[in-house]
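Using the hints, position chains B and C against chain A.
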Amino acid sequence: MKHYTFGVDYYPEHWPRERWATDAKMMREMGIEVVRMGEFSWAMFEPGEGRFDFSVLDEAIGLLAAQGIDVILGTPTAAPPAWIIEKNPEIQPTDWRGQQRFFGGRHHDCQSNPVYREHIRRYVTAFAAHFADNPAVVGWQVDNELGNSHGDLCYCESCEKRFRVWLKEKYGTIGELNRAWGTAFWSQDYPDFEHIRSPKITAAWGQNPSHDLDWRRFSSDLVCEFHQLQADILRAAAPGKFITHNLMGFSSKPSYYALGEQLDFASHDQYPGGHFHARHDEYRADWHAAELDFIRAVKQKPFWIMEQQSGITGWEVLGRTPRPGQLGLWAMQCVAHGADTIVFFRWRSCPMGTEQYWHGLLPHSGQPGRYFREVEAFMKQYAPLLREMQGALPQAEVAILRSYEQEYAFQIQPHHPQHRYTQHLMTYYKALHRANVPVDFVGEHHDWSGYKVLIAPLQFLMTPSLSEKLHAFVENGGQLVLTWRTGVKDESNLCHTDMPVPCLVDDLCGLQLAEYDCLRDTDGAVLWEGERLACSQWCDVVEVTTARPVAVYGHEFYAGTPAITCNEFGAGKCWYVGTTLSDALADRMVAALLASADIAPLMDTPHGVEAVRRVKGGKTWLFLLNHNACPETVALPAGFTPWDGAPWAGQLEAHGTRVFVSVSE
Amino acid sequence: MKHYTFGVDYYPEHWPRERWATDAKMMREMGIEVVRMGEFSWAMFEPGEGRFDFSVLDEAIGLLAAQGIDVILGTPTAAPPAWIIEKNPEIQPTDWRGQQRFFGGRHHDCQSNPVYREHIRRYVTAFAAHFADNPAVVGWQVDNELGNSHGDLCYCESCEKRFRVWLKEKYGTIGELNRAWGTAFWSQDYPDFEHIRSPKITAAWGQNPSHDLDWRRFSSDLVCEFHQLQADILRAAAPGKFITHNLMGFSSKPSYYALGEQLDFASHDQYPGGHFHARHDEYRADWHAAELDFIRAVKQKPFWIMEQQSGITGWEVLGRTPRPGQLGLWAMQCVAHGADTIVFFRWRSCPMGTEQYWHGLLPHSGQPGRYFREVEAFMKQYAPLLREMQGALPQAEVAILRSYEQEYAFQIQPHHPQHRYTQHLMTYYKALHRANVPVDFVGEHHDWSGYKVLIAPLQFLMTPSLSEKLHAFVENGGQLVLTWRTGVKDESNLCHTDMPVPCLVDDLCGLQLAEYDCLRDTDGAVLWEGERLACSQWCDVVEVTTARPVAVYGHEFYAGTPAITCNEFGAGKCWYVGTTLSDALADRMVAALLASADIAPLMDTPHGVEAVRRVKGGKTWLFLLNHNACPETVALPAGFTPWDGAPWAGQLEAHGTRVFVSVSE
Amino acid sequence: MKHYTFGVDYYPEHWPRERWATDAKMMREMGIEVVRMGEFSWAMFEPGEGRFDFSVLDEAIGLLAAQGIDVILGTPTAAPPAWIIEKNPEIQPTDWRGQQRFFGGRHHDCQSNPVYREHIRRYVTAFAAHFADNPAVVGWQVDNELGNSHGDLCYCESCEKRFRVWLKEKYGTIGELNRAWGTAFWSQDYPDFEHIRSPKITAAWGQNPSHDLDWRRFSSDLVCEFHQLQADILRAAAPGKFITHNLMGFSSKPSYYALGEQLDFASHDQYPGGHFHARHDEYRADWHAAELDFIRAVKQKPFWIMEQQSGITGWEVLGRTPRPGQLGLWAMQCVAHGADTIVFFRWRSCPMGTEQYWHGLLPHSGQPGRYFREVEAFMKQYAPLLREMQGALPQAEVAILRSYEQEYAFQIQPHHPQHRYTQHLMTYYKALHRANVPVDFVGEHHDWSGYKVLIAPLQFLMTPSLSEKLHAFVENGGQLVLTWRTGVKDESNLCHTDMPVPCLVDDLCGLQLAEYDCLRDTDGAVLWEGERLACSQWCDVVEVTTARPVAVYGHEFYAGTPAITCNEFGAGKCWYVGTTLSDALADRMVAALLASADIAPLMDTPHGVEAVRRVKGGKTWLFLLNHNACPETVALPAGFTPWDGAPWAGQLEAHGTRVFVSVSE
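Chains as they are written, first to last, in this note's numbering: chain A, 1220 to 1884; chain B, 1220 to 1884; chain C, 1220 to 1884.
In isolation and in its complexed conformation, chain A is listed as follows (with noise of 0.2 Å):
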């Protein structure tokens, strides 16, 4: 596959055909390759039932492909057009109080529904016939974000129908559903199949945690399904070009490692700058190292960026401006982390409909301005980094396990009000962060061995093979971190019983759970050979059998018995953390971790700035990323020189980057 360093994402359909052959030379200028083009406009393409016309793309490649630059098609199906809704309404989502949702946005259709998927069948059949022989079209991305807006969707009939085939498939008979899903609790066992529905809105609240389980485990095999019958369509009917998706990091309605599975890469859309409900003065680079390290895992190689920030960005509001070199930064920061081409949103901000305001490059009056100026900058200095890069890692010594299955648990029962899947993985992430140590996201089903250090954080739904895994893993000489909550249920989200907590991990961690708390407004403390650390939400009061006490509670009734525990077993070791851990106690548990486990960091850096590595042959890349707003003086390690050759005087400028390089002998 032909590799490219640098694209944008277009949308000549918003604007005068006058425009687009001098959008098209500007691009090539400024180093632009690769453009993504067409994934949200179906009506413009289908204007009638079965009447095609995609002159506008067949123009606007023909001009783009006389300036060398290659296109990805998306399919529009994330916006079916307003004819196709006023003859089908039946197509508009269901949401979980039962009420319908209306056209006017996007995402406004149920993707189980046969009608639409008829409509798709079409559509996506000829688009793909129409363009199979163009050259200049070397891929495809399905639909838009697929999941990222469908939260709540849909729970319609036609999704109900489907969830019984599912769940005919996967329990045989109605029984086996009924034990699975602890049905006798209040009265809820179902005669057969037919009479099982979504879970919607309760009368008295409360949901049957077992069935809600199952509908996200459904919601997310259903997206992959509406994915698959695009990708079908798409391979069969215009071979030798590559899918890919444009993923969106911790979002969880699909599996990403499932989805993963029908795309030749992934991609992935970065917007660091905010906007939205989020708080604009906090640090969030660790997040967004966390979320490119994740879309790293999906296919355990590097990926694209398919949508990488402009500009400021929001609909009804805004987020803040990107200052003078962030747009650099965060593009850096996707390349250090394992981007091999980035592809910028928007080339220009659109004069029309909710995203008037999420813009590109150019601003509305097509001139160039700051944002355009620094990109360009950035695209013309390390297009020759990507190429000579492209495809090295980061070999990393330590994993994160993220558990779609476990997240989808807690999102069902989060235990304690502000406890958050995602974010009790942050805790140890950003600890790891904040030492400069390269981390790799993994699933269930990868292969660990590789790995010195294992975090995996909730193991909460406990499988024999998960068990076994994880046994062997330590065994053979890892050392494996898990938390509080895990052990209690089975694969069913029915709770293990006859057995002692962490079920199944009990002799693994070398130690039973007598009981827990929940913290709920009070804070909590772990002292730590005499350091007062503090922890919050849960504790977990264990009794040790094989295990050695690593640091124990100062509060409550249980204070002076074991917060923080570690086994030996096998070759390696099982540490058991019984609570959730404040940022020094991470600090300090990590410290442990890399010491037991002869992990070096990568180097010292201030707060706020990242050091990142990328290998490939003998060859590593060293990234520093200055996130502050401020200059940063730092001690590069030995070894390293600067990759551009100019010199290096020990400072990064205010949201600068520089990149250095070793050869090993």
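Calculated directly from the structure, the hints in this document are not laboratory data.
Keep in mind the model is a prediction, meaning the values are calculated, not measured.
Some clues are possibly wrong.
All copies of an identical chain are treated as equivalent in the list; a pair is satisfied when it fits inside any one copy or across any two copies.
Stated by the list, open to error - Derived pair list, reagent style DSSO-like, types lysine-lysine, alpha-carbon separation capped at 30 Å:
| hint | residue 1 | residue 2 |
| --- | --- | --- |
| 1 | K1518 | K1221 |
| 2 | K1419 | K1380 |
| 3 | K1419 | K1306 |
| 4 | K1380 | K1306 |
| 5 | K1306 | K1389 |
| 6 | K1419 | K1387 |
| 7 | K1838 | K1671 |
| 8 | K1599 | K1520 |
| 9 | K1520 | K1688 |
| 10 | K1380 | K1599 |
| 11 | K1419 | K1389 |
| 12 | K1518 | K1599 |
This is chains B and C only, laid out in the frame that chain A set:
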């Protein structure tokens, strides 16, 4: 009726049959004498229409009976099975917005629905007949916590139809209804009863408060009617068994006074540990005490706890774990306030469904832990106490009037954004509780003549008969406390006109209102013999006729005018409180009342240590309850000796309790 | 037209007939000259279709006329009776979620519904005919507070149908609509008008802002059309009577400029006491003043207060009681800002319905109290003043441009989470108010040439004609203030393209925007001649062409660039303000403006003391209004003497007012 000391709520249907005998044996050994079962498993007992299968209950009852344990059976009408809902989806209730709610939790039923009532009639008839001759089945519970989770349900057409019948019975003619509802305002006259609907969400907010009040009265009556339907069947088919219901303290949907008329005795569910949205760092022992005192008022005799907290509780989020001693402390508080029997909820934590984390005495593992051991020790120690004290009452000299109708009226019009009826009553209750003064709650219908003091806040709806009863109480020497918003409305929630406020009791109070002020975001002050004490929410500006000012306002243009007055009337006194009291002001008010009525508190205790008594024959049991997390020193009143004969060193442990006795000559 | 000084709103239908003569006599003795009646009692006047009974009104009007009191009648279309709703439930409105709202409050009607319009036509025709020849009936009010409580209603199919007609008239062809709405974005092209719907809740949030803007324009027009329907019938059937409407200050659903064209004069409802969700410890006299100044702009002449607060008010919760003096102070503030007639709401507190606690001059008891006495004294003292001053105006030299269309556009896209159009205008108004500078509000359609200064914030939608009018104003010597978000959009809410922002006025402003920043949670700073003053929400980063920097930013990477500029243009000046001003910064800005335009404030007063004038012929009335709860000392400007001849010692009482006069030579 046979007396029971301790029991548990038990769900054999959630566990394998092989375990049941073990459970029964463990129960007996622990001291369990009675078990409640069956109230949530309709689908199991009637898996298809008319196909009954009570074998699970038969077998479990047999095993329990073999251990000498008796059984209470609940009718499972709080959770109609899926096959009923699929056959008759119209049974599902409709919310205030006119939207249907769905199956999947509990209480997914409309209580007026005639189709649902036919299902109930069929089930309960068979259920009662099947167990009528089983001597181990000693009583019934109808449904579960009636009204608790029906707060804003149901507004469907069936309910509207039943409402119209209720209104026709009440008003006779539509003209009388139009008068009583004041439909002349905003053009709401109804030409006939058929035009009347449930008070669903209106176009531009605003409701007719008279319509709304009758709707709440109707909703209460509907719950009672729903209970009566089943109680009648049970009593007819299975004579000789008692009927009780697990009430929910201050919950207000149905009037517990009215529901209580159908019961042989009242029961109550007590969960002091808090969960859901509660703050967990607040002192709430006074609220728990008050709810117990109120439940005692339902039948004016001792009661059962049908669900006593047994461990950490919660649904999606959990509360705090009970600290060592608290499970016993909480059970003892129930006993102290009049519980003759304590049934713990539940035997073992449930592995399935919404209430997986509503923990029981046994954890999911089935292995006894701290909760079990603490409760077992408590049972063994105090079973003899419960036996000897059965029927004992607190002999209160002070009563607080709690009225469902007044509460409904303030739910409709709180007047001040933070004003809540129960919270207002608690202002007085808490001061009495701090002073260790026994309190009874009473209704309007009760005989008040045995009390020296009647605190009757917020007598908003004032009828001639209520006025007459209040006059008589004072005339005969009682001390009565009335407050702001007394005598404002008639029984239809229309304002009294052409009379001075407080209407119908202005002579009793010895004053008339000039006007009133709602304090909103600001606080006010009251000067009592020079001391400045805070008040809030509301200030009546009064003109005394015969009353004596007791304390005056210290703020606003009405500073210096009376805030609290006292009027000699007949052989008694009527106090009037024109504002909402702060704790300090309530303490002062209560001190004045006690002095005036010559009432002595039981004893002095440190804050957080509660002193309560029960009296029977010439014997008084005195309970000391330490709600604090530290030991407390207490000076015992003369004449009391430790009930258990163990030495008393003047100190209670953290969360500790002691019982003392004295016998009058 | 006959002039009236004082009136009351009166509901004889709420009271027994025997009382009416007493009421009429008390009114006359108090000084009441006019009464408004009948606007909420359709059910009484037409108890069944076509059965009219106006006997209540006939009799009440007769009794009032006998006391020399004239009457205004309201059409009762804000509350269609139950029999209409039961016959035609489709009349009930539909909310933004597509859910119907229900009978039980008021405004439970869809204003476009043709069936409802037939009911109205029948009623109003009969109503008008019945009273056409009654000389005591001098005028009409159509409906009540049109638009006030219809905020988010109605989105029903009838409204959609009417909307399509409106759109067809506006755009002619669907192609032109698609262009104007930018439907190329997110595939929203409409093949024909029949596909267009109301902008209900979408699937995944997001709306088309152009669609939404037209919807708001249509909703405004619909209210006006609804009014016109009735006004036409009334004028035809009963010539010689005036038509007015009780407007609601800054309420924005219908354009009051447009509605005003149908009125003989504007009226307004004034409730300064606050209620519902308002904070009650805030100074709001400036807001009340501004709303009065705005109502004067509707017809650019004096107006009526149709509902003047008479006591404590509220529905379910109440506000503060008016302090001694405040009822007169609030009425006098209305007079000072241009009210020629004050009608107090209401005569007597209503005993029934939602507004039981919206207190009148008389309490429920019917016995005059403080409110009554204060208002009576006020009427008796100031009736002569109202007579002599009729028609006088404030002669303002400063105008603020208030535009409904700009407000709609910012309702759709506030840009900053806390940014509100009216609040932004108030930044300037409040500073002028603190300085005691008379202010007029004006619309885009008004003649601005009489003003020295025009403050025109947020000229977001910029058309060539608006640009031309702004240019002409400055060219001819005016001083114009423009702000951030000026010149961003065209009239369709599409962004201008291929032009520098502020589009179409960049030459007038003498600058172009480089970019902008949304401050979100942080504050900003402006340096004005070295003084550091706070700003917030938004910062335009400008590049001046011909403008002179007046003040610069003191924060972020654009520190030192101009925040406020001034550009000489023709004979005038155009100021540009790139940010939202703090109070201190607004004071500074206003001082600069006044100095530059040579405008003198009326006088200096302590904070909370308002000085206002009205002028007629050569005579000036100066009003001093003390909004503070303490006395204030004020130095009177030269040439003024007390209007009432009473001595002036230089002090105003708490909540006191005084009027002074001066006659120019």
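Tested hints:
1. K1518 with K1221: within (18 Å within a copy, 70 Å between copies)
2. K1419 with K1380: Both ways: K1419 and K1380 sit 14 Å apart in one copy and 27 Å across, limit 30 Å.
3. K1419 with K1306: Answer is both; intra-copy 27 Å and inter-copy 18 Å each pass.
4. K1380 with K1306: Classified as both; 22 Å inside a copy, 17 Å across copies.
5. K1306 with K1389: between (35 Å within a copy, 26 Å between copies)
6. K1419 with K1387: within (20 Å within a copy, 37 Å between copies)
7. K1838 with K1671: So K1838 and K1671 pass the 30 Å test inside one copy only (22 Å; across, 72 Å).
8. K1599 with K1520: Cα proximity of K1599 and K1520: one copy only (25 Å, versus 65 Å across).
9. K1520 with K1688: within (23 Å within a copy, 61 Å between copies)
10. K1380 with K1599: neither (53 Å within a copy, 55 Å between copies)
11. K1419 with K1389: within (21 Å within a copy, 38 Å between copies)
12. K1518 with K1599: within (29 Å within a copy, 62 Å between copies)
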